[in-house]
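Q: Residue numbers (the UniProt record's numbering), protein chains in the order written: chain Y, 1 to 364; chain G, 1 to 416.
By construction, these hints were calculated from the structure, which means they are not laboratory data. You may find that some hints are simply not true.
[Said to hold, decoys possible] Computed cross-link-like contacts, BS3-like style, restricted to lysine-lysine with a CA-CA straight-line distance of at most 27 Å:
#1 Y:K10 to Y:K249
#2 Y:K113 to G:K110
#3 G:K129 to Y:K119
[Unchecked claim] The following residues of chain Y were derived to be distant from chain G, with all beta-carbon distances above 10 Å:
#4 F93
#5 P105
#6 L343
[Claimed, not checked] Residues of chain Y placed beyond 12 Å of chain G at every Cβ, according to the derived structure:
#7 G64
#8 P78
#9 K80
#10 R81
#11 D82
#12 Q88
#13 N89
#14 L106
#15 R109
#16 A149
#17 P158
#18 Q238
#19 D328
#20 G346
Backbone N, C-alpha and C fix where the C-beta goes; we use that ideal spot for every residue, glycine too.
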Amino acid sequence: MPDAKNAFVKFSDIQKTYDGETLVVKNLNLEIPRGEFLTMLGPSGSGKTTTLMMLAGFEVPTQGTILLEGRSIDNMPPHKRDIGMVFQNYALFPHMTVEENLVFPLKVRKLGKAEIEAKIKRVLDMVRLGAHGKRRPGQLSGGQQQRVALARALVFDPKLVLMDEPLGALDKQLREQMQLEIKHIHENLGVTVVYVTHDQGEALTMSDRIAVFNDGVVQQVAAPAELYERPQNAFVAQFVGENNQLRGKVAAMNGETCKVEIPGAADVQALAVNVEVVGRPTVLSLRPERVKLNPAPGSFPNVFSARVAEVIYLGDHVRVRASVCGHDDFVIKLPNSEGIVQLESGTVITIGWKTEDCRALDAS
Amino acid sequence: MATMTVQIAGSPDGMPLRIKLQQVERWRKLKAFTLVLPLLLFILVAFVLPIGRMMFNAIHDETLLTLMPQTSAALSVWDGKDLPDERVYAALAKDLKQAWAQKITGMIAKRINYELPGAGGQVTSSARKAITLSAGPYKAALIEISPLWGQRDVWSLLKRGHSAYTAYYLLRSVDYQYGPESQIVASPPESAFFRNVFLRTLGISISVTAATLLLGFPVAYLLATLPPKTSNLLMIMIVLPFWTSLLVRTTAWVVLLQDHGIVNDVLMALHVTSQPVELIFNRVGTMVAMTHIQLPFTLLPIYSVMKTIPTTHVRAARSLGAGPFYAFWKVYFPQTLPGVAAGCLLTFILCLGYYVTPELVGGATDQMVGHFVALYTNEDLNWGMASALGAILLTATLLLYYVFNKLVGVDRLKMG
């Protein structure tokens, strides 16, 4: 965690309510170091966009303070914050050409003509739209509009750039291409980016760190690999990446590990992440790709038999839905590297997994 | 490739696809036309034809041609320099006698009176006396009966009457008329007021349009930005005037604005003024009442355009460094222009045709073109003038619309 002194953006005890009854953001504390690409990830209504809007200055926190470079920005109007913003539907000004859109923030700042021209050219080249300066936004494709919005948020060299689900309206292929483009622009410029999305794949691809929001609370803040490998609670495990959940009760604590009793099935050895007390219910989280088919006897502490319910061929891998320990929706992902696995529904197979891949989490 | 060509060239039954498509399209168009047909017929019969016929009256008048056929025919060879010869006077005497017998002298007198004020009476008396003339020479006898027949201008008028078409009404509508030698001259000052009326109509329409825009724009903005619950209530208040009759609304202003009406009573009670301010039966009353009536027409198109402008646009402008006013002026306002243009055009064109409101709350100098059209139609029964004024107003409106279209582009308008 970055320490408080050099935090570039700091949310301190932020609460936000619109109706005075329910909190949209509950007690948010978050620090973002300079130059970081932080993604706020969460389902809709989780408070991530509200948090972004408070940072941009369009919403006022009901309680708490936001610090930018160590100074409170609570009473600073949006146009004085010097924060670039990319909106969900781009919010390009339809009555202006691409260039006029880009000139807008520079004209407001009363820059000289030569300087404006240089900046426009640089930013248009950066987003590879050099030839489209005279067009209006309506004449551009979705991807091009997205690039203009990005260029407009960057052209005045803001300290901080906020992006509110900027790729939501693009098709899958373009979205993936833009993810990399934005990531590269961030790496080249070194600007601090706060990115909001509900797409976990997008968050994993682009971010330095991800803050997972749910129900107005930050569930976990971590680097993508950390978040995927070591989710701290059942929500994060379930929201980020695919995940098998087995419900059971803690039977025994054993230091770092624990034994979990699954009703109607054998006990499972799991890593004790979020459980402390024997007898409490827990949810076991297990990534589908960590499940091995036909393990050598004795190589895994957890070996179970499974009845195949469905086999889906996906090219690079095969997904097998099976019934394991009384859970019908257990998914196994088998890579297609060793030839197509011949399985049929109804077959009974043997599967196994490691103790450390199976995380015992809270039973929310 | 071979199969492709076959598919394009013909369908299984050997008919080219293009013709098949045309058949389908024709059927579809026919169905669409059938849906429109009743309204089209209604508009044609109840609107286009009557208006066309009325417009025709502005240039078509065969009173003299049909009621004084012999004089008209005899005058066709008159050179217009001196008084006509005996043959023409004989024809005139015949026509006058006939007119008197058929009791249509009044119509002839009225028509002549339009162009030669005061001559109508002489025509009637000439006709009454002409029945006593049994034989010629008629020229001296008729001039003896009335000096009118010794003037060249009446003969010019009668010669113009040989044609069923006349520009007189249109000329009169813009303060011109025919001189004694059928040349076009300016109308004398006492009857030259139509140009003023047109300018007044234009002025009042522009002022009312500007007033509705100034009053309506902020309200439209509020409507478009308020949460639905509040904005629905506000919307009801705005369209409420639509639910009351125009007459009721207008007379309500009379009650409010008259000398001892509510407004004046309040002003005097507050000692703002010691005696009643004249608020009605003048330009103030006309403007107030018209602005009130026209407000929703300007406001609603603006509102409907504002509804479509995403809130993120102003937010984006703010985040880019623009202050609240700059963001509004440079980003929000330009996007409302299609609505502003549509609303103003609607109000302006409707204002041009106002009649009832200025009649009820305006003074003598606040009457617009509509008043004179009504006057000529209902009281003077001079349909030629009514048609000419209407035609000029319609042409001016279409012309303004054309210019507006060139400047703004009607396809960019959003009416709702």
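Q: If I take the minimum Cβ distance from N89 of chain Y to any residue of chain G, is it greater than 12 Å?
A: Violated: least Cβ distance 7 Å, not greater than 12 Å.
Q: So L106 of chain Y supposedly isn't at the interface. Is its beta-carbon more than 12 Å from every beta-carbon in chain G?
A: violated (9 Å)
Q: For R81 of chain Y, which was marked as not at the interface, is the minimum beta-carbon distance to chain G over 12 Å?
A: violated (8 Å)
Q: Given the hinted pair K129 of chain G and K119 of chain Y, is their Cα-Cα distance within 27 Å?
A: Given that 27 Å is the threshold and the Cα spacing comes to 97 Å, the pair is violated.
Q: Determine whether the non-interface label on D82 of chain Y survives the test: each CB of chain G must be over 12 Å from its CB.
A: violated (7 Å)
Q: Can we confirm that no CB of chain G comes within 12 Å of the CB of Q88 of chain Y?
A: Violated, because the least Cβ-Cβ distance between Q88 of chain Y and chain G comes to about 7 Å, which does not exceed 12 Å.
Q: Run the C-beta distances from P78 of chain Y to all of chain G and say if the shortest one exceeds 12 Å.
A: violated (4 Å)
Q: Taking the closest pair, is the beta carbon of R109 of chain Y still more than 12 Å from chain G?
A: Nearest chain G Cβ is 6 Å from R109 of chain Y, so the label is violated.
Q: Going by Cβ atoms, does D328 of chain Y stay more than 12 Å from chain G at every point?
A: holds (44 Å)
Q: Over 12 Å to the closest beta carbon of chain G is the bar; see if G346 of chain Y clears it.
A: The assertion about G346 of chain Y holds, with a minimum of 44 Å to chain G.
Q: Is the nearest Cβ of chain G still more than 12 Å from the Cβ of P158 of chain Y?
A: violated (9 Å)
Q: Beyond 10 Å from chain G, beta-carbon-wise, is F93 of chain Y?
A: Incorrect as stated: the minimum Cβ-Cβ distance to chain G is 5 Å, not above 10 Å.
Violation of the numbered hints given earlier is confined to hints 1, 2, 3, 4, 5, 8, 9, 10, 11, 12, 13, 14, 15, 16, 17; the remaining hints are satisfied by the structure.
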